[in-house]
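Asker: Let chain H serve as the given structure and place chain B on it in line with the hints.
Order-wise, the sequence lines are chains H and B. Going by this note's numbering, the letters in the first sequence line up with residues 8 to 252, in that order. Going by this note's numbering, the letters in the second sequence line up with residues 75 to 370, in that order.
Fair warning: there could be bad hints in the mix.
Just a few of them, taken from the derived set where beta-carbon distance is under 7 Å, the chain H residues facing chain B [stated by the list, open to error]:
hint : residue
1    : A77
2    : H78
3    : V81
4    : L87
5    : Q93
6    : F95
7    : T97
8    : M98
9    : L106
10   : G107
11   : H109
12   : V110
Calculated from the structure, these hints are not laboratory results. Beta carbons: idealized from backbone N, C-alpha and C, even for Gly.
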Amino acid sequence: MITIQNLDSGYGKLRVLKGISMHVDAGEIVTIIGANGAGKTTLLNTIAGLVRPVNGKIIFNQQDLSLFKAHQIVALGCSLVPEGRQVFATMSVEENLVLGGHVCSKKHGRSTAAGELERQYALFPVLKERRGQLAGTLSGGEQQMLAMARALMARPTLIMMDEPSTGLAPLIVMEIFRIVQKMRDEGNTVLLVEQNARAALGIADRGYVLETGKIVLQGPAAELIEDGEVKRAYLGRDYETITDR
Amino acid sequence: MNPDLFFQYLFAGISYGIIYAIVGVGFNIIYNTTGIINFAQGEFVMLGGMIAFSLLQWMPLPLAIAAAVAVTMVVGALIEIVFIRWLDRPSVLRMIIITIGLSILIREVALHIWGESIRALPYFYGNEITTVSIAGVKVSPQVLWVVGICSVIVGTLNLFFYASPLGREMRACAANRTAATLCGINTNNMVTLSFMLSAGIGALAGCVMSPITYTSYDMGTGLAIKGFTVAILGGLGNSLAAVAAGLLLGIIEAFSISVVPLAFQDAIAITILLIILFVRPHGLFGSKEAASLKEF
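Looking at chain H on its own, in the form it has when it is part of the complex (with noise of 0.2 Å):
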């Protein structure tokens, strides 16, 4: 579905990406794991287009993402839920909806997205209920629906999503993460970026460890929850204690 080859990317003279190689099968959630600061956010901007790549190439359904503006990217099929969510918080939940819908709206004509935004409730129901409130009165959790289920508006053959689970109560952080199974099963591809390693590798079926802008390491993601080098650094030695309750 998309594949990064030799990926440099960064923000002016600053390289934060150094030689990215990685791909993503449809179907899969793939996740990126890795400290703060190590280039997972600026990776998955690049791929959106917000950031220009200096070298390197990502492939997204053979086409070349660097040919394409950001707004662009999201007309193919690639879309993105930003890191802090990011919602138009001076608009109603609806019309959040509703211009996340603008690609599927151009593409399949009004009532298709009409259609989409049912489907979306269906997922969301709470959504539904705060469909007239301002966004940006939204908790947390809610806010980051919102994100996911306007970024779903748009149709996306691949969604990215940027730690999702900033900031969230435990509890909110599994619902999220039920929804981002329950899209994977619903035949989306998912690129998650998280720094909450166990969460993200509990629901992966492969992951990519990055360190200051390298990866460090790749598979299946029940091996990087057992590799020694992984719990150490980002599972935490008492993890087990902890989350398996």
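Answerer: Okay, now just chain B, sitting in the frame of chain H:
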């Protein structure tokens, strides 16, 4: 104050107020898509009047006005494309300085083209001594033109922003530019469009008001200050509130003549602006909730 005089002041206030309102609405349009204040807004009004006046030599009045609006819209688009589009995430302060610079530039160009003399378009109906009688007060039919056309502009704009997909996309750009891009919206085009729209209604207002208030190369600054006061007074981004605030300011100014000398008229607007910025920065009609969710 006798009733005749009262209504005379009231109508003068309404006709000036609605003009301030349109300039304020122009501020709002650009603010609503970009989050920036375009201080060259008053210059669009001046360009509308001046261009229509020049075109009048070759074509009838309605056509000249339509052409002036079109030309000013092109000017608005050019300003955005040449000076603003290529900036990478400019700060609010930088945008303010750029638009003030642009307003000075346009004014100087206008001085070069049209000189210092004051121009006026002919009255749309009748002439300067034609009057119609409303509530026992004689008012120029041009005042009715101003009020009518400006009301239509505001109504149409509100419908556009809140009921059309394109308007919603423009509001999305204002709320969160990155998020709008991630929804697949071409934000650059939305910004250009907002400059064109804002220039267009400014120019139209400039044409309608020209017969009564006249058009001169340096009228933009004063109008920009009044329009900005109105936009802030109503609550930035809210067009209907800007109209109410515009009428309020116009009427206050008109009645102030009976209390303080004419020369202090402009000081009144600035005093109101300062008080509002101190006491109610989200405006008279702006919601505190929505204001707290905005960056500026």
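Asker: Take the hints in turn and mark each one as holding or not.
Answerer: A quick look at each hint next to the structure:
Here the hint on H/A77 is kept, as its CB sits about 5 Å from the closest CB of chain B, short of 7 Å. Residue-level restraint check for H/H78 holds (minimum Cβ-Cβ distance to chain B is 5 Å; threshold 7 Å). About 4 Å separates the beta-carbon of H/V81 from the nearest beta-carbon of chain B, less than 7 Å, and the hint is met. Against a cut-off of 7 Å between C-beta atoms, the interface hint on H/L87 holds, since the closest Cβ of chain B lies about 5 Å away.
For H/Q93, the suggested interface contact is upheld, since its CB lies about 4 Å from the closest CB of chain B, less than 7 Å. Because the closest C-beta pair between H/F95 and chain B is about 4 Å apart, less than 7 Å, the hint holds. Because the beta carbon of H/T97 sits about 5 Å from the nearest beta carbon in chain B, less than 7 Å, this interface hint is met. Interface hint at H/M98: satisfied, since its Cβ lies 6 Å from the closest Cβ of chain B, which is below the 7 Å cut-off.
Contact between H/L106 and chain B, as hinted, is supported at the beta carbon level, the nearest pair being about 5 Å apart and thus within 7 Å. The closest approach between the C-beta of H/G107 and any C-beta of chain B is roughly 5 Å, which is under the 7 Å cut-off, so the hint is satisfied. At a threshold of 7 Å, the smallest CB-CB gap from H/H109 to chain B is about 5 Å, leaving the interface hint in force. Evaluation of the H/V110 hint against chain B yields a held restraint, the C-beta minimum of about 4 Å falling below 7 Å.
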